[in-house]
Amino acid sequence: MRILYVGPSRIGDAVLSSGLLDSLCRNYPDARITIACGSSAASLFEAVPGLDRIIVMHKRPRGGHWWDLWRQVVGQRWSLVVDVRRSIIPWTVLNARRAIAPPSSHYDEHAVVSFARTLGLSGFPPIPRLWIAEKHHAAAAALMPTETPVIAVAPTANWQGKIWPADRFVDVIRRLTGVEGATDDAVLPDAVIAVLGAENERDAAAPVLDAFTAARVIDLVGTQDLPTIGACLTRSSLFVGNDSGLMHMAAAAGIPTVGLFGPSRPERYAPWGSRATWVTTEKPYSELVGGKGYDHRTTDTLMDSLSVDDVVRASTSLWYRVEEDRE
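Numbering-wise (our numbering), the sequence shown opens with residue 249 and increments by one.
Be aware that a few hints might be false.
Said to hold, decoys possible - Listed below are the simulated BS3-like cross-link pairs for lysine-lysine, each with C-alpha atoms no more than 30 angstroms apart in a straight line:
(1) K531 to K410
(2) K540 to K383
(3) K410 to K540
Hints listed in this document are in silico derivations from the structure and should not be mistaken for laboratory results.
Sequences are here, hints too, so could you generate the full structure?
Next comes the structure, spelled out in structure tokens:
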């Protein structure tokens with residue numbers, strides 16, 4: 249059996265739809281799977297069971313990337329084509345069956361549920377997951393401490409409007425770790441801080457990296473590939489970060505995950521899972537986005553009305569809840 253899976257181009261969507269691909273792997277364990285996706289998400293699929301090939305799509309003018317993909321898959325007869333991008337591909341290649349994501353008309357519906365509709369699984373949407381090879385677990389073991397708890401922090405995002413001020417991340421870390429005597433909220437006293445981000449986000453992450461001694465910081469900003477970052481997240485005790493692909497990776501890793509929202513919709517993109525929560529700005533989405541003078545190309549952060557107290561409260565509440573569930 250041969251399956252063609254046309255997947256997302258962005259990291260966050262790749263994770264949110266990963267439960268769908270996992271369902272295919274479990275239901276068709278002998279299938280050979282070809283995955284077509286964008287370059288930023290491609291490494292997330294390297295360890296998928298039954299993987300035959302990853303076709304990396306590079307966006308081209310006039311939809312040229314779809315023609316590139318078609319030329320690479322048209323010569324094969326496919327048992328099943330699953331397309332979460334709603335492209336023309338399933339209609340233009342030989343296939344026995346096709347499954348295409350429905351239109352995104354339910355904006356208040358979580359993306360995990362929307363992706364699950366592709367295979368009629370919205371009633372019990374499959375949980376997002378990460379596929380991590382042993383070599384990436386080994387790399388993470390060399391980077392992460394074994395005896396000291398780690399708080400993973402992602403103070404960046406792919407858009408300035410979604411980035412909470414870095415100095416507030418520093419304040420949250422100090423309170424959660426008890427640094428400088430702030431012990432009232434120290435659920436992870438003396439924890440090490442793993443700072444995450446892309447290579448081109450180093451300047452945005454610098455205030456957090458520079459706020460603590462080198463012995464307390466693990467610099468993962470653009471230093472590792474995504475599967476290794478995923479493995480590092482599985483070794484972390486808590487994640488706090490902006491709405492981003494890294495946030496969704498943390499939730500899929502199964503660790504307590506706190507997502508920070510403002511100019512994006514938590515009802516659609518909140519971290520998924522029983523160990524995840526989110527907190528949002530005092531100003532609602534409707535006031536932050538699309539108002540008078542708003543221009544997504546030039547806006548500064550729109551996260552100012554989210555307080556340190558709110559993030560600390562969400563983090564400690566989630567931590568205690570998860571700890572109680574473990575007992």
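Against the structure, the hints:
{"no.": "1", "hint": "K531 to K410", "in the structure": "13 angstroms, holds"}
{"no.": "2", "hint": "K540 to K383", "in the structure": "51 angstroms, violated"}
{"no.": "3", "hint": "K410 to K540", "in the structure": "18 angstroms, holds"}
Hint 2 alone, counting from the list given before, is not met by this structure.
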